[in-house]
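*Asks:* Chain residues, written in single-letter form:
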Amino acid sequence: MSEQAHISAAHHDPFVAHQFDDRAQQTEAVSLGMWAFLVQEILFFGGLFTGYTVYRSYYPDSFIAGSYILDIKLGGFNTAVLILSSFTMAMAVYSAQNSKKGSLIGYLIATLFLGFVFLGVKVIEYSEKFHHHHIPGFGFQWHEPIGNAKNVEIFYSFYFAMTGMHALHMIIGAAILIPLIILAWRGRFHKDYYAPIEVFGLYWHFVDIVWIFLFPLLYLIGRHAHVG
Amino acid sequence: MSAVAVPKHEEAPALEIPSQNYLNDGYSIRSWLLTLDHKRIAILYMVAVAIFFLMGAAFALMIRLELLTPAGDFMEAETYNKMFTMHGVVMIFFVLIPSIPAILGNFLIPLMIGARDVAFPRLNLMSWYVFMLGGMLLLTTAIFGGVDTGWTFYVPFSSMFSNSNVILATMAAFTAGFSSILTGLNFIVTVHTMRAPGMTWFRLPLFIWALYATSLIQVLATPVIAITLVLLMLERGLGLGIFNPALGGDPVLFQHLFWFYSHPAVYIMILPGMGVLSEMIACVARRRVFGYSFVAFSSLGIAIIGFFVWGHHLFVSTQSVYAGLAFSLITFLVAIPSAIKTFNWTATLYKGSISYESPLYFVVGFLGLFVIGGVTGLFLSTAGLDVHLHDTYFVVAHFHYIMVGGEIMAFLGGLHFWWPKMTGRLYPEFWGKLSASLVFVGFNLTFFPQFLVGYLGMPRRYHTYPPEFQLFNVMSTAGASILGVGYILPFIYFLWSLKYGKVAGPNPWRAKGLEWENTTSPPPTGNFEHTPIVTEEAYEYSHLPEANVVRASTH
Chain A
1 MSEQAHISAA HHDPFVAHQF DDRAQQTEAV SLGMWAFLVQ EILFFGGLFT GYTVYRSYYP
61 DSFIAGSYIL DIKLGGFNTA VLILSSFTMA MAVYSAQNSK KGSLIGYLIA TLFLGFVFLG
121 VKVIEYSEKF HHHHIPGFGF QWHEPIGNAK NVEIFYSFYF AMTGMHALHM IIGAAILIPL
181 IILAWRGRFH KDYYAPIEVF GLYWHFVDIV WIFLFPLLYL IGRHAHVG
Chain B
1001 MSAVAVPKHE EAPALEIPSQ NYLNDGYSIR SWLLTLDHKR IAILYMVAVA IFFLMGAAFA
1061 LMIRLELLTP AGDFMEAETY NKMFTMHGVV MIFFVLIPSI PAILGNFLIP LMIGARDVAF
1121 PRLNLMSWYV FMLGGMLLLT TAIFGGVDTG WTFYVPFSSM FSNSNVILAT MAAFTAGFSS
1181 ILTGLNFIVT VHTMRAPGMT WFRLPLFIWA LYATSLIQVL ATPVIAITLV LLMLERGLGL
1241 GIFNPALGGD PVLFQHLFWF YSHPAVYIMI LPGMGVLSEM IACVARRRVF GYSFVAFSSL
1301 GIAIIGFFVW GHHLFVSTQS VYAGLAFSLI TFLVAIPSAI KTFNWTATLY KGSISYESPL
1361 YFVVGFLGLF VIGGVTGLFL STAGLDVHLH DTYFVVAHFH YIMVGGEIMA FLGGLHFWWP
1421 KMTGRLYPEF WGKLSASLVF VGFNLTFFPQ FLVGYLGMPR RYHTYPPEFQ LFNVMSTAGA
1481 SILGVGYILP FIYFLWSLKY GKVAGPNPWR AKGLEWENTT SPPPTGNFEH TPIVTEEAYE
1541 YSHLPEANVV RASTH
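Top to bottom, those sequences are chains A and B. If you use our numbering, the first sequence corresponds to residues 1 to 228, in order. If you use our numbering, the second sequence corresponds to residues 1001 to 1555, in order.
Fair warning: there could be bad hints in the mix.
[Said to hold, decoys possible] Residues from chain B that face chain A, not an exhaustive set, calculated with beta carbons under 10 Å: (1) R1116; (2) F1120; (3) A1221; (4) G1239; (5) I1242; (6) P1251; (7) G1301; (8) V1321; (9) G1324; (10) A1326; (11) T1531; (12) I1533; (13) T1535; (14) E1536.
Think of the hints as simulated: they come from the structure by calculation, not from any bench. Backbone N, C-alpha and C fix where the C-beta goes; we use that ideal spot for every residue, glycine too.
Let the hints inform the model, and build the full structure from the sequences given.
*Replies:* Written out as structure tokens, the structure reads:
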């Protein structure tokens, strides 16, 4: 654009966008923006949690039955993977704050890798559900001794809606991580400028926390079932 | 108190459009479609919303034509269902919700708080594109034959029985909602972090308070409708049973989730209008808004209470009477902050130095219509009376009084008030007053009879009715024609003014506020030559030497 755009630009700091006065203002705006975004995410998932709660109170036995056949080992493994990825993400923020380029790149790549591991395990779990006709809306079948097929299907509707929405957030996270790694490679982040790493860390931790709630609600409630 | 007219052209240097402003900063299509300037994005929204408004109005015209006679002689029931559904979806998701926030809010928030732009200009542009994507989905819906579920998309009709384009229409609403979330998020961060030095929270114009409260609702409520519509799409597309009673689902849960968003969304559709009104009333009365902090907090009050009243839409939907009682009580509470605003506005006019320019006509029009709409809201929140009035034309009249009589009136008024700032030119005063008067008369003639016919028992959403209701419906249709003229006029003279309007100068109303006093009309791309430093409260009209004097522009 013309020079008009710079009429009132009060700074020439290449790390500060034209609408901001200084780095402090920019950092505050960016992190407040991410927190506000996460609040709306809570409300977004909140709709699903509300639905889950209502139907679990309607059909407790079928929810336990549906939960009983989820693979707790894979779920538990994935929980550990995500907690570990939160740790690597926190270390990435720490590295950026201390201008440690090498370890920043390393931790970001580790986070991305762990994210892919999580998604890979999810694919295994989903395909196993597919083989057993446990996907709602696609010829759902239920042959277990406990639970009512109709109501277990509702459990699985929520299972897929909630974990699917969570996986979608993981995929978006991975898609953002890749350009961040490239920018880190180019030395864009250092102790004076690391806001993108920091707010991405907020997002990543949020997605982890959602899983921390999903895991017990979906996998663990079936542990009390007594079959046979 | 004799008003002394300022001699015309006393010190008047000839007014001219500033040589550098946001409108002439590049003329290419690209410079508009890839702009990061909040003012240009506001104009982009204005063009889009104007088109959707005409589209929604066309559907309304069809409805009013059909209802001219008791028999269904113009269209079939199914076509009629599509007409009122498309009217509702277009007007709510694509006109009312974006109208003031995305157009006036985008244009004014940075100017009013002394910032160069919103906090996230790219996100701002993106939300316009997301909005347009939603608009394209909506057009596709219309081309493929529309949708007939009512704008509420109630299950199980929408998920199992409707033969229309429910998934496309819900995707359109979902997408538009996403844009609304991004806009609200941007505004919240902007108000928190971008205020000029000295612009403390209690020096903010009340428009900013109102938009801030609106943004909170947009960010907190919209995601719930988003996920609800996703579940509805999955249910309809894959045959899931989440809301289907035959498969163990609960259709009332859908209503709860839907209204958890859609009732707060009603306040997305009135709070911004209240903000516009506060600005205009201070200027036309040349006084600080009476009880500034009460008006500011009442915006937040409405936003907060608005989250706990959704159950008043479910008085007859198997909700327990105790829940109904609680929701009824909380709904009454909304009247308190609304009344605080109304009384403070009228108190502002009292002993004000009122000037009879077109913004005043819109102010008075808003007050009249909003009071009628608000008081009839109390009828509907009375759980017992609502059983009688539920799903009648009384409800239709009530929410049109608030949304159209309130919000659209305020939006039009705001457009008249800030038009000189946006374009640098004045529209013809006479035509502005005429438009406001026609809208007021036409609106009352259209919707007041609907209160009566609704009370007498005419249900909404039917294309036929008993002959004894015809008089009321003929009045409605006649009024709608007048209303239509009132709405078309501004389209014409606003466009006319772009080329032939008198040059406005930076502050034609001699109003207070950074957008009037510290920059040109139209403002330059970066808004201000120097970042303003704020040293006084909002609306300090008493400091103006020309207070209590008829202004030059009225001649």
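*Asks:* Each of the hints needs a verdict: does it hold here or not?
*Replies:* A quick look at each hint next to the structure:
The restraint placing R1116 (chain B) at the interface with chain A holds, with a minimum CB-CB distance near 5 Å, inside the 10 Å limit. Proximity of F1120 (chain B) to chain A holds as hinted, the smallest CB-CB distance being about 6 Å (cut-off 10 Å). Here the hint on A1221 (chain B) is kept, as its CB sits about 7 Å from the closest CB of chain A, short of 10 Å. With a least beta-carbon distance of about 5 Å to chain A, the hint placing G1239 (chain B) at the interface is held under the 10 Å criterion.
Look at I1242 (chain B): its Cβ gets to within about 5 Å of chain A, closer than 10 Å, so that hint holds up. Annotation: interface hint on P1251 (chain B) violated; nearest CB of chain A at approximately 12 Å, more than 10 Å. With a least beta-carbon distance of about 20 Å to chain A, the hint placing G1301 (chain B) at the interface is violated under the 10 Å criterion. Residue-level restraint check for V1321 (chain B) is violated (minimum Cβ-Cβ distance to chain A is 20 Å; threshold 10 Å).
With 10 Å as the threshold, the beta carbon of G1324 (chain B) stays out of range of chain A, its nearest partner Cβ sitting at about 19 Å, so the hint is violated. Here the hint on A1326 (chain B) is broken, as its CB sits about 18 Å from the closest CB of chain A, past 10 Å. Among the interface hints, the one on T1531 (chain B) holds; its C-beta lies about 6 Å from the nearest C-beta in chain A, closer than the 10 Å criterion. Against a cut-off of 10 Å between C-beta atoms, the interface hint on I1533 (chain B) is violated, since the closest Cβ of chain A lies about 12 Å away.
For the restraint placing T1535 (chain B) at the interface with chain A, the shortest Cβ-Cβ distance is roughly 18 Å, beyond the 10 Å limit, so the hint is violated. Here the hint on E1536 (chain B) is broken, as its CB sits about 21 Å from the closest CB of chain A, past 10 Å.
Violated hints for the displayed structure, listed by number in ascending order: 6, 7, 8, 9, 10, 12, 13, 14.
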